[in-house]
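> Sequence:
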Amino acid sequence: MRAFLMLSAIEREDDNINRQFQKNALLFIRLEISGKINLCG
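With my numbering, letter number 9 in the sequence shown gets 9, and the count goes up by one each step, no holes.
What the hints contain is simulated information worked out from the structure, not anything from laboratory work. One or more of the hints may lead you astray.
Simulated DEER-style distance windows between Cβ atoms [what the hints assert, rightly or not]:
#	residue 1	residue 2	range
1	Ala-3	Lys-36	35 to 41 Å
2	Phe-4	Asn-24	26 to 32 Å
3	Arg-2	Ser-34	47 to 53 Å
4	Glu-11	Glu-32	28 to 34 Å
Glycine included, each C-beta is placed from N, C-alpha and C at the ideal position.
Based on the sequences and whatever the hints tell you, model everything.
Rendered as structure tokens:
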């Protein structure tokens with residue numbers, strides 16, 4: 001039981017890291033796009 005709880009806690013931590021990574025990636029892509037628009041415009 002304890003091992004299962006630890007595993008689920010680790011998975012939750014992974015989810016948080018993945019979500020943070022996706023947010024950063026989306027933010028970076030948005031910055032890239034806005035930068036290109038500014039360069040072109």
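> Take the hints in turn and mark each one as holding or not.
To see whether the hints hold, each was checked on the structure:
no., hint, in the structure
1, Ala-3 x Lys-36: 35 to 41 Å, "violated, 49 Å"
2, Phe-4 x Asn-24: 26 to 32 Å, "holds, 31 Å"
3, Arg-2 x Ser-34: 47 to 53 Å, "holds, 48 Å"
4, Glu-11 x Glu-32: 28 to 34 Å, "holds, 31 Å"
In the structure shown, a violation is registered for the earlier hint numbered 1 alone.
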